[in-house]
Amino acid sequence: MSWLLVVEQLLNGLQLGVMLFLVAAGLTLVFGIMNLVNLAHGSLYMVGAYFAVAFRAWTGSFAAAVVLALLATLVVGMLVEVIALRTLYERDHLDQVLATFGLILFFNEAVAIVWGRAALFASVPPALGGFVELVPGLRYPVYRAVIILVGLAVALLLYVVVSHTRLGMLIRAGASNRTMVAALGVNIRALYTVVFGFGAALAGLGGLMAGPIYTVQPGMGEELLIEVLVVIVIGGIGSIRGALVGAIVVGMVDTLGRAYLKPTLATVISPTAADSAGPALASMLVYILMAAVLYFRPQGLFPAVRGR
Amino acid sequence: MRTVKITTVLALVAALLVVQARAAEPVKIGFITSLSGPAGIIGKHMKDSVELALDHLGRKVGGLDVEIVYGDDQRKPDVGKQLADEMLKKHRVHFVSGIIWSNVMLAVAPTVTGAGTIMVGTNAGPHELAGKMCHELYFTTSWQNDQTPEAMGKYMQDQGLTDVYAMAPNYAAGKDMISGFKRYFKGKVVGEVYTKLGQQDYQAEITQLRAANPKVVFVFYPGDMGIQFLKQYAQAGLREQIPLYSVYTVDEISIPAVGDAALGNYETRYWSPDLKNDANAKYVGDFKKKFGYTPTFYGAQSYDGILLIDSAVRAVKGDLSNKKGMVAAMRKADFKSTRGRFAYNVNHHPIQNFYLLRSVKPASGEIEMQIQKTVFENHKDAYYQECPMKW
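Residue numbers (the numbering used here), protein chains in the order written: chain A, 1 to 308; chain B, 1001 to 1391.
It is worth saying that the hints were derived from the structure and are not from the lab.
Beta carbons: idealized from backbone N, C-alpha and C, even for Gly.
Among the clues, some could well be false.
Simulated restraints on C-beta separations [as the list claims (entries may be wrong)]:
(1) A:LEU301 with B:PRO1362: 50 to 58 Å
(2) B:GLU1240 with A:LEU149: 24 to 32 Å
(3) A:GLY60 with B:LYS1361: 52 to 60 Å
(4) B:ASN1213 with A:SER276: 22 to 30 Å
Construct all of the structure, not just a fragment, from the sequences and the given hints.
Put into structure tokens, the structure is as follows:
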């Protein structure tokens, strides 16, 4: 039966991976096209989760809450871009980091003022509760299975949009040479706002799906953001394909490390030593992986192709 | 004759000036807790309780004006230590209090006591500070970490449970909780898992847990971690299959966020909102009235911390340089604690009762914790004999 367990853990890894991907995709897109380091991306994830809870309480329907929360996060993202980030494109990355860190503090306090500091109640919608028996003996929570499907669907959609549409063409062109794109008469500012808004909506999608399984509370974005930054560094900054691969690699390594590192270590070193070293090492694993990627391939696994 | 009169007058004036100078100097208390991020809600409970304690004392501590400096440790030991240094050197505080996390406490307490300042912990109770590292300037109004899980271990042992799977975050208190549990629980422990502090997703661990097929699960997941764990445990369908016992996991912070996923759970604790005594009735009643939500043990301990400091300053009549006198006064635990009367052990940790609590849904509709029975009476921690301090 142990292979079933491995399969279940692989699914868990995949689920964590697609969740990371939803946030990483927007972040890497924004960096790739606008050359902007946006630490506040985790806050948009949080805003999405809060909106979903609020709209669900208001409309009583999860589906309506999802649609409204996505739109609202998109609007918030665009507002943030227009009000705060426009002035930062020409500044260097350190200024951007400082300013967007300020935005993190702003958003955390803002949600604490509006909804309070206590965690909000968010439950899995009844229609998505329960389990699905994938193969006999392997029961998997429906909600987590849905997260995997949605995440993969978004990845596919992004691939189609970026590779096969006019908007995608502009995005790719903007990433490789923004001056030329602007010179050709494309309204690069509007493009930036749209891209940022969609990046925000993707993060919001991650957040609204995370609400029922994690905690909806101020600061929920930062913990995820750290892992998302690891994903982007591993995948290659600015590359969507890199974000997908990086996210799934990080999801898998983290999950499998937590599940199997301690028992594996126990076969090599004494069980007591494995008891203390295992959990510590498991939580470091993704960072060790990141360090290794940085050493052997500093540009990441799938670096975005950039022109001058 | 005349000169004598003048000297008397001068002496009187000088005395008046001294009294005035002393009255002008307020008691300064540095209160460190986690105010931002996911643990910020615990900090809010503590801060609100400190403010309520000051209200009850008429905004004076030991008869003196009081100034509170709050610090946000962000659940990070290094930040906590920096805050303590700043409070000691810049604000020149007379007391440092607060601290939720044991790893932060282990960084802060030696800094404060090393500078000759009194530290009153109001949550974390790492075993080091109860044993070998105990200090005459260090007091806690909460508990030693091992005590609460000891009570749960005792209860589960008495129930004849076995095949336990134990889980806790991988930091100082997590280790203390499991070792305290195992001190009284003698049944079989089929798994012992430590997760990252502040971890969000427990699905990988829950999958391993189900594969290990234990008969009962024991966890310690405070604050935001408890909310996530309780939800995911229920979503994995394990709530109906494997009973979950916990410490510091099902409380007034997690219950509103998880709802029925915590209904019927057992916890052990030294305090509960429904504990019957006058001080507690006043604390809980006024807290609900002022802040509109139900307090937690984090708050009760912090409220007690301010009352303990008040008792010390009162005993030395406001002479804040008399540390020996204040320590001697604090050892008597001479204040109206929300847990009722208790005594300090030689290591400055409380000797107190521990109760079994259960989350129940009364007719009013809101889930609340209710005391079921007393597990330990006047329970001492397991480390006081290692503490070299003599009174």
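Mind listing which of the numbered hints don't hold for this structure, in increasing order?
-> Hint 3 is the one this structure does not satisfy, whereas the remaining hints hold.
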